[in-house]
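Next come the chains, spelled out residue by residue.
Number of protein chains: 4
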Amino acid sequence: MAQDVKLDATALNAFMAEIFPQVAREYRVEHVAPMQADVRLITAPHHLRPGGTVSGPAIFALADLAMYAVTLAMIGREALTVTTNASLDFMRKPAAGRDLIGKARLLKLGRVLAVGDVMVFSEGTDAPVARAGMTYSIPPQRNG
Amino acid sequence: MAQDVKLDATALNAFMAEIFPQVAREYRVEHVAPMQADVRLITAPHHLRPGGTVSGPAIFALADLAMYAVTLAMIGREALTVTTNASLDFMRKPAAGRDLIGKARLLKLGRVLAVGDVMVFSEGTDAPVARAGMTYSIPPQRNG
Amino acid sequence: MAQDVKLDATALNAFMAEIFPQVAREYRVEHVAPMQADVRLITAPHHLRPGGTVSGPAIFALADLAMYAVTLAMIGREALTVTTNASLDFMRKPAAGRDLIGKARLLKLGRVLAVGDVMVFSEGTDAPVARAGMTYSIPPQRNG
Amino acid sequence: MAQDVKLDATALNAFMAEIFPQVAREYRVEHVAPMQADVRLITAPHHLRPGGTVSGPAIFALADLAMYAVTLAMIGREALTVTTNASLDFMRKPAAGRDLIGKARLLKLGRVLAVGDVMVFSEGTDAPVARAGMTYSIPPQRNG
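Chains as they are written, first to last, in the numbering used here: chain A, 1 to 144; chain B, 1001 to 1144; chain C, 2001 to 2144; chain D, 3001 to 3144.
Just chain A, same shape as in the assembly (with noise of 0.2 Å):
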């Protein structure tokens, strides 16, 4: 698994901007390392639930995109790559007013399909507020 990184944090918010301009603005990836990434969420008010708290579907995408981006910092741009599976576990209510952090890492990465999972933190918590297992299908092209 000692595999290089083929885009770094700057290079994947570049793509990201590009290709989802409306994501670009509240998603940020701070970090990347060889089968690793964490991905920032810019919490705003539409990503709030009554009492403060982020919403499920806001972190989905978060844990979503932390996959896209790992899976895309090893293999390279690669807009066609998508989500197969997801399985979440919510465990615990995200702290008002900070914004989400979530880390992934790749667990495999294969020839068609990547696997990895993501936990998300309330930045500067030790507590994870949700885990995710997620599956990314990549498009046989790339081989090409």
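The hints are simulated quantities; they were obtained by calculation from the structure and are not laboratory data. Being a predicted model, the structure only gives us computed values, none of them experimental. No false leads were slipped in.
Computed cross-link-like contacts, DSS-like style, restricted to lysine-lysine with a CA-CA straight-line distance of at most 27 Å:
#1 B:Lys-1103 with B:Lys-1093
#2 D:Lys-3093 with A:Lys-108
#3 B:Lys-1108 with D:Lys-3108
#4 C:Lys-2103 with B:Lys-1108
#5 B:Lys-1108 with C:Lys-2108
#6 C:Lys-2108 with A:Lys-108
Assemble chains B, C and D onto chain A, guided by the hints.
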């Protein structure tokens, strides 16, 4: 499982407009029956990804809301009911330019957990876009 | 999805007796239809836990085998088809002294992945014991 | 999360030998620390599939037992703790002729639910065979 419905579609839409005003403009409970609810995502530009397909987070949000709707239909107004687990398979690209329909059914309505599944379709098509298994935690105070 | 069945229940039972002789004494394909298969777990003492309930691993094995049966029913003899993801909700204690029935349906039969779900019941009861979403990887050589 | 361990590896093995005598011959708790437990599957012919690989149900059973072990390590002898959800990704074929090790960690130990994950390895290898997210329901009477 021959339980009565405590909230019908009209009551659920009113409740969601009250507690989730942003969400309620995009989602509409269409039909409720014992242990079942159908919810519509009125697709709008911000749900879309390049190519006109509905984003994964919007599909997650629909599944989550459909499960919420069927749970509240059976237990009554209980805003604090929260998702604890969600497992989704994304199977097909949604049809461009169509609303999505999430069909939820409750499989178990226990004292502390509600378990169900949701099938998501592009309106007017038979092949499912996604499938979700979901668990909600029901706050204990409702028994008081 | 109007696809023909390539292997019926008799052919599936014969194939499983050939490749999984231990397993085939405990599980039996009961019924096959396009995109559907029902499989029985003939419960025996080693499947049980204290109190006479069927163990979680035995329920998992039944769901896995039911998904395998429905996939092979549609694609033909392909022993190398393997599970890549399984998400299970365990909802009720199985009834003591009864066989379990796993009802699998394929929701997507793609080129490389088959996705389906399985409902597990104690024979003769309506409330499900467990629900599973499962994904199988189909080896590429079948296209050759 | 700086909680004490209530049962160590020796106590857990003794408890499992008492309540699951069949299972205890095949699985052994190797190591316990706060919120963590490692469990070994002593592979035997009946766990294998053609080609010498360990079967999916045996991997599921190992993940389930590792999560059970870590939960009981923290809450004490509580046989009625049961799995409510399990989401597994099967990533690599286990190495032939080796035991499997399941490394469980608790991510949340709540009043009614325990949530954790398990990484499964062939002994002596770094690339995981499988990953599981698991939820256990804790019976309320333990608080009495």
